[in-house]
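Protein chains in written order, with our numbering: chain C, 1 to 160; chain W, 1 to 261.
In short, the hints are calculated from the structure, not lab data. No false leads were slipped in.
Simulated pairs of lysine to aspartate or glutamate, DMTMM-like, Cα-Cα distance not exceeding 20 angstroms:
id, chain 1, residue 1, chain 2, residue 2
1, C, K117, W, E66
2, W, K28, C, D30
3, W, K82, C, E125
4, W, K82, C, E131
5, W, K47, C, D69
6, C, K4, W, E35
7, C, K153, C, E84
8, W, K131, W, E6
9, W, K15, C, E19
10, W, K47, C, D54
11, W, K15, C, E2
12, W, K28, C, E19
13, W, K28, C, D42
14, C, K4, W, D39
So these bits of chain C aren't anywhere near chain W, every CB distance computed over 12 angstroms:
id, residue
15, R16
16, S122
17, K145
18, K153
Yeah, the Cβ is synthetic: ideal placement off N, Cα and C, and Gly gets one too.
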Amino acid sequence: MEIKISVNVNGKDYVREVEPRTLLVHFLRDTLRLTGTHIGCDTSSCGACTIHVDGIAVKSCTMLAVQADGSSITTIEGLAQGAELHPLQEGFKECHGLQCGFCTPGMIMTAADLLAKNPCPSESEIRHGLEGNFCRCTGYHNIVKAVQYAAEKMGNEVSA
Amino acid sequence: MEEAIEILQNGSYAKVLGGGHSLVPALKLRLNAPETLVDVTRIESLKGIAIEDGTLVIGAANTHHEIATSADVHNTLSFLAKGASAIGDVQVRNKGTIGGSIAHADPSADWPALLLAADASIVIQGADGTKTVAAQDFFTGFFSTILEESDIITQIRIPIPPEGTKSTYQKFVQPASRFAIVGCAAVKEPSGATRVAFAGVSDYAFRDEAVESASSSGASAEEAASKAAEGVSIMSDHYASEDYRKHLAKVYARRALVEVS
Chain C
1 MEIKISVNVN GKDYVREVEP RTLLVHFLRD TLRLTGTHIG CDTSSCGACT
51 IHVDGIAVKS CTMLAVQADG SSITTIEGLA QGAELHPLQE GFKECHGLQC
101 GFCTPGMIMT AADLLAKNPC PSESEIRHGL EGNFCRCTGY HNIVKAVQYA
151 AEKMGNEVSA
Chain W
1 MEEAIEILQN GSYAKVLGGG HSLVPALKLR LNAPETLVDV TRIESLKGIA
51 IEDGTLVIGA ANTHHEIATS ADVHNTLSFL AKGASAIGDV QVRNKGTIGG
101 SIAHADPSAD WPALLLAADA SIVIQGADGT KTVAAQDFFT GFFSTILEES
151 DIITQIRIPI PPEGTKSTYQ KFVQPASRFA IVGCAAVKEP SGATRVAFAG
201 VSDYAFRDEA VESASSSGAS AEEAASKAAE GVSIMSDHYA SEDYRKHLAK
251 VYARRALVEV S
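Just chain C, same shape as in the assembly (with noise of 0.2 angstroms):
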């Protein structure tokens, strides 16, 4: 039985026939082919799946793509404005924020869900704000160096 779910994601409306016991990480990576949601640990404890829903960031891995039924949902794809990188996509590549990369996706929506809730976090806010990602190449100084770089960056274009 496939149950009919509308979303919008990075801004375009799609309807989808799903089966219920699809994850909604699967049907973003293997029914709209937006692989830049990464699958980690399929346990809801490294982040690597977050997306945001409705504004606030979730784990996509544990969440039936039904149950976002209505939803508008954020990407990493949906962050960049055309050619020019979001704030925090420049901070992860200006502070050397990630290595490997894997974790980054999850990283940067957790980050957009800190900044949104808190413009000027503290490093322990940002690090407290992470727990639930993690970097297996344990590059967390630079990550909390890329968002603090995205805080300011966002800060100053507000005041300018």
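With the hints as your guide, set chain W onto chain C.
This is chain W only, laid out in the frame that chain C set:
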């Protein structure tokens, strides 16, 4: 609500789905295989947080994040907000619900101990109407509660304690899952009456009456805490042995009691 209860009653094996942060992982592990899931998170009457006649009323479908950031919770029972903000990580708090957590009754979850110490009541709607159950009667064992197959938790009701009451939640965190290896919730009213409940120690969250009666009758934090987790079966796993957990229970009881003294 009526439709949800009807589906739960219709004969097929159905489970209530809250935020899905306990049930979906259980489904993936094939620990549970319901034929039907009933997502209750969009039922409007299960949402909202309010103060009604000296009682804090939390709709069962509120997420941990919503509770952690609620002004009503902060202003009346701030230790519940702090406890909620110590659950899992941001993404888990954004999806997981209080009703889902207590229905799942994971022995290492934070809400059961928090609600026991807060002397909360749980409102349940089922085939036979609505009933209200004290938290102390709700949890019955390892991942077990009094909930029947067609029951849905609708509200958690917590009496707002008298002015001057102190409360805290002290938690020793498992660093990957962020579940409590040991969590101790304590509430001390100005009269001295003390409630102390543990997460992570035994098969299910429990109030520790030996600690409570010692503290309520004026024993020091040190002395009351030394009685913690005696006479209960204590969990043992690869994170913490039985002896270590028992030791931690006493340490965290002392920290909690110092905090509320």
